[in-house]
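A.B. asks: Now for the letters of each chain:
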Amino acid sequence: MEARVTGYFSEIWRLRHFWLALVRIDLRNRYRRSMIGIGWSLLHPIAMTVVLCVVFSRLFGQDVRTFAPFLLTGLTLWGFITAVVMQGCQCFFQGESYIRQQPAPLAIYPLRTTLGAGFHFLLGLGIAAVLVWCVNGFGNLPALLSLVPTFALLFVVGWSLAICAGLVNVMFQDSQHLIEVLMQVLFYVTPIIYRPEMLLKRNLMSWFVRLNPFAALLELIRQPLLEGTLPSSWAVGVGLLTGFVMVAVAALALRCFEKRIIFYL
Amino acid sequence: MNVIQLDDVGLRFQVRRFGRVSLKEYLLHGLFRRSKKATFEVQALENINLAVGEGNRLGIIGHNGAGKSTLLKLLAGVYPPTSGRRQVSGRVSSLFEIALGFEHDASGWENISYRGYLQGETPRSIRSKMRDIAEFSELGDFLNMPIRYYSSGMMVRLAFSIATAIEPEILVVDEVLSAGDMAFQAKARQRMRELMSIARAVIVVSHDLPTLALMCDQVLWLDHGHVRQIGPAQEMIDAYKREMSGAPQLHAA
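Residue numbers (our numbering), protein chains in the order written: chain S, 1 to 265; chain P, 1 to 253.
Hint data in this document are derived by calculation from the structure and do not stem from the laboratory.
Just so you know, not all the hints are guaranteed correct.
[As the list claims (entries may be wrong)] Distance ranges between label pairs, derived from CB positions: (1) 146/P x 140/S: 42 to 52 Å; (2) 47/S x 151/P: 37 to 47 Å; (3) 149/P x 255/S: 40 to 50 Å; (4) 131/P x 255/S: 37 to 47 Å.
[To be verified] Here are some of the chain S residues that sit facing chain P, going by a computed Cβ distance under 8 Å: (5) 4; (6) 14; (7) 21; (8) 25; (9) 102.
For each residue, glycine too, the CB sits at the ideal point set by N, CA and C.
Bound-form chain S, shown alone (with noise of 0.2 Å):
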C-alpha cells in the first residue's frame, strides 16, 4: 500500500515537466502574454467588489475601506474554489488525448487544473494584500506566515476537488450542471459577501458558518491578512479535517477508477 503510493507519486515527480508545460500553456493562452490580460481575468472578483462596496455601504452603513478587502478575499478564494471544481470537471476529457496515448498518473490533470486556478488565486490576493497595506499598513509578518500553511491546505483540498469533480463528470456527464447549482447554493451560505458575524447571531443559520468548511478556509485567510491575527483555533480545525477528509475521498476514488476510466471517455 505504501510502496504504491509512494511509487504513484514518484511517477507524478517523473512526469512534472510534463504537466508544468501543460500549465504554463493554460496560463499563456489565458494572460495571451499581455499584462492587459491579466487586468482582463481579474476584472471579475474587482468589478463584483466595486459594485457589492457601492450596494453595501449605502444599504448596510459598511465601512468601504475594510469592506472592500473583505470581499475582495473572499471573492478570491470563491473563486479559486469555483474554478477547481468546474474546470476541475472537464479535466479528464481535457487531457483525454493523452490519457489515450500513453499510461500516466491521472491526478496529474486535475492537478493541471489547481495549479492554474492557484496561479490566479495568488495573483488576487496579491492585489487583496497591496489593498490592505494601503490602507492600514504592513500587517502583522507572524499571522501573515500562518498564510504559508495555508496556502498548502488549498491546493491539497483544490486538487482533491478537482479529482472528484472530474471522476463525477466522467461518470455521469451531467453532473457539471448539478454542480454548478449546488455552487450557487454554496456561494450564498457561505460568508463571502458578508460578514460571518450576521448569521453568528441567529441560533439556526449559526450552523452554516461553524460547518462549512469553507467558511473555515475564508477564515484562515481573512483573519491573517486584513485582522493581522492568527486564525481562530475553530477555523484551524475544521480546515485540517476538510483537509484530511477531502485527500482520503479523492484517494478513494483514483483507487477505484483509476484504471477504469479510459472504459467511461
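Fit chain P to the known structure of chain S by using the hints.
C.D. replies: Okay, now just chain P, sitting in the frame of chain S:
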C-alpha cells in the same frame, strides 16, 4: 525471460447504448425501468496467451474489428486487462492514433517538448533531440505555427518524428507505415526498420502483409478477439491469405 507475457488475458468493454450516461437517466432507470439496461458488454479480447521474448518481432494480422488495435493498447498499458494477467518488463513506446495528443494552441516546437515530456524526457534531454526531430519532420518554418493550422499529413509527420526520436525498449506500432505522403512514407519505413533493430521487442499491427513477412519473425492471427493461430511469419500470412481468397464465409461470434 520474456519481455511481454499475457496469461489468459481478456478485455470486456461496457458499451453505452446511448452514448454517455447522465445522472438523471441513471436515476430514472434505477427507479422505474430496472429491467432495461443502458449498457451492454462487448468481449473485445478473450483467452489471449502470448509470450514475446528478447529480440522478437511479432506481427499481428486480422480483419477490421478483430481486436488488433485493442490488443496493442492493452500491451502499451492504456487498457488494463479485465481478466487474466499482463506482465511487461521494460518501457513501452507506442505509435498509434498518431495525431492524438497535441495542444492545438501551441506551436510545433512546443508540442515537440510536451510530447517528449510525456514520454519521460527532461528539458535537457529533449533539447538535444529537437533538431533531429525538426529535421526529420521536414516541417521547417511551420514549426513556429500553432498546431491548429496544420494539415493532418503535417501532424502525422510531426507525431511520427517525435515518437520515433526516443530509443525504444519495447516498440508497439499500429499501421503508421501508411503515414504521410510517398516521400515521407519511404523515410518512415527506413526509420521504423532502424528502430526495430535496436528495440528489445517489437509488436506491429499492419495490413501490409509483404512488409510484415519481411519485418517479423512471428505473426499472430487475431480473429474476433481470439487467437486464431500463432507461428512463423510466412506460414501464418499464407494461411491468412488462403482464407481471404477462399469462399467468403461468416464467422459465428
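A.B. asks: Hint by hint, say whether it matches the structure.
C.D. replies: Evaluated hints:
no., hint, result
1, 146/P x 140/S: 42 to 52 Å, "holds, 48 Å"
2, 47/S x 151/P: 37 to 47 Å, "holds, 42 Å"
3, 149/P x 255/S: 40 to 50 Å, "holds, 42 Å"
4, 131/P x 255/S: 37 to 47 Å, "holds, 43 Å"
5, 4, "violated, 15 Å"
6, 14, "holds, 6 Å"
7, 21, "holds, 5 Å"
8, 25, "holds, 5 Å"
9, 102, "holds, 5 Å"
When each numbered hint is compared with the structure, a violation occurs for hint 5 only.
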